[in-house]
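The lines below spell out each chain.
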Amino acid sequence: DAKTTQPPSMDCAEGRAANLPCNHSTISGNEYVYWYRQIHSQGPQYIIHGLKNNETNEMASLIITEDRKSSTLILPHATLRDTAVYYCIVRVAISSGSARQLTFGSGTQLTVLP
Amino acid sequence: DTGVSQNPRHKITKRGQNVTFRCDPISEHNRLYWYRQTLGQGPEFLTYFQNEAQLEKSRLLSDRFSAERPKGSFSTLEIQRTEQGDSAMYLCASSFGTGGYNEQFFGPGTRLTVL
Chain A
30 DAKTTQPPSM
40 DCAEGRAANL
50 PCNHSTISGN
60 EYVYWYRQIH
70 SQGPQYIIHG
80 LKNNETNEMA
90 SLIITEDRKS
100 STLILPHATL
110 RDTAVYYCIV
120 RVAISSGSAR
130 QLTFGSGTQL
140 TVLP
Chain B
48 DTGVSQNPRH
58 KITKRGQNVT
68 FRCDPISEHN
78 RLYWYRQTLG
88 QGPEFLTYFQ
98 NEAQLEKSRL
108 LSDRFSAERP
118 KGSFSTLEIQ
128 RTEQGDSAMY
138 LCASSFGTGG
148 YNEQFFGPGT
158 RLTVL
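Chains as they are written, first to last, in the numbering used here: chain A, 30 to 143; chain B, 48 to 162.
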């Protein structure tokens, strides 16, 4: 799986958009970008994933650059409950023996400030 | 509650003792994963089951660790002769699928402290 690089921490004002960047310059054509988050003392929670098109769901939007070497997770109106560590993960989606587990990095600690 | 549950939530033990953790996945999920997370780090994969078959084990899973998933339902993770370095959060996740991407649902974890 391709390695990802994320800033260790970010702050965001409550009610504003939080834009979390992720670099994955070695991503392969069959690798997806996934985002999970982990609120303190809880297990990770799936947010969104995408291959090359921008994606949106009820939690967030995922913007992937045309060359797919970087992406941005956008929380449109951050709340205090969005304070968490956000993990960007790149992995293949096609089923294969060792491809099913998630490989987490250190993530970005997002702190939403009142 | 239909999410992934883990028991106990906290375990304190003395070095050299054996401990066992239990994970109850979401009922229809055929895939089950164990991860370990130390302070300030992201979760690290330990092992993976599809139904009752253990298909993948990480190099982190030393011979003191054993995991089972009898009948493809709940799973247990046992650590024998615990060491202080085993202190961590042990996370269980489950998913459903026969191929391709499958979203993993995580439990709240079991925090192990080895004194």
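Derived from the structure by calculation, the hints contain no laboratory data. Accuracy of the hints is not assured; some may be wrong.
To be verified - Derived coverage of chain A by chain B (criterion: at least 3 residues anywhere in the stretch with Cβ under 8 Å from a Cβ of chain B; other residues may be distant):
#1 70-76
#2 129-135
To be verified - Here are some of the chain B residues that sit facing chain A, going by a computed Cβ distance under 10 Å:
#3 Y82
#4 G119
#5 F121
#6 G132
#7 M136
#8 E150
#9 G156
#10 T160
This one's a predicted model, so the numbers in the text were calculated from it and none came from an experiment. Even glycine gets a Cβ: it sits at the ideal position worked out from N, Cα and C.
Verification of the supplied hints:
1. Only residues whose C-beta sits within less than 8 Å of a C-beta in chain B count toward coverage, and the region 70-76 of chain A has 6 of them, enough to reach three; the restraint holds.
2. Check result for the region 129-135 of chain A against chain B: holds, 7 residues qualifying (beta carbon to beta carbon below 8 Å, three or more required).
3. Interface hint at B/Y82: satisfied, since its Cβ lies 8 Å from the closest Cβ of chain A, which is below the 10 Å cut-off.
4. For B/G119, the interface hint is violated, the least distance from its beta-carbon to any beta-carbon of chain A being 16 Å, above 10 Å.
5. The interface hint given for B/F121 is broken, as the beta carbon of that residue sits about 16 Å from the closest beta carbon of chain A, more than 10 Å.
6. With its C-beta approaching chain A no nearer than about 19 Å, B/G132 sits outside the 10 Å limit, and its interface hint is violated.
7. Taken as an interface hint, B/M136 checks out: its beta carbon lies about 9 Å from the nearest beta carbon of chain A, inside 10 Å.
8. The interface hint given for B/E150 holds, since its Cβ lies 5 Å from the closest Cβ of chain A, which is under the 10 Å cut-off.
9. Taking 10 Å as the C-beta contact cut-off toward chain A, the hint placing B/G156 at the interface holds, the least distance being around 6 Å.
10. The beta carbon of B/T160 is not positioned within 10 Å of any beta carbon in chain A (closest approach about 14 Å), and the interface hint is therefore violated.
Hints 4, 5, 6 and 10 from the earlier list are contradicted by this structure; the remaining hints agree with it.
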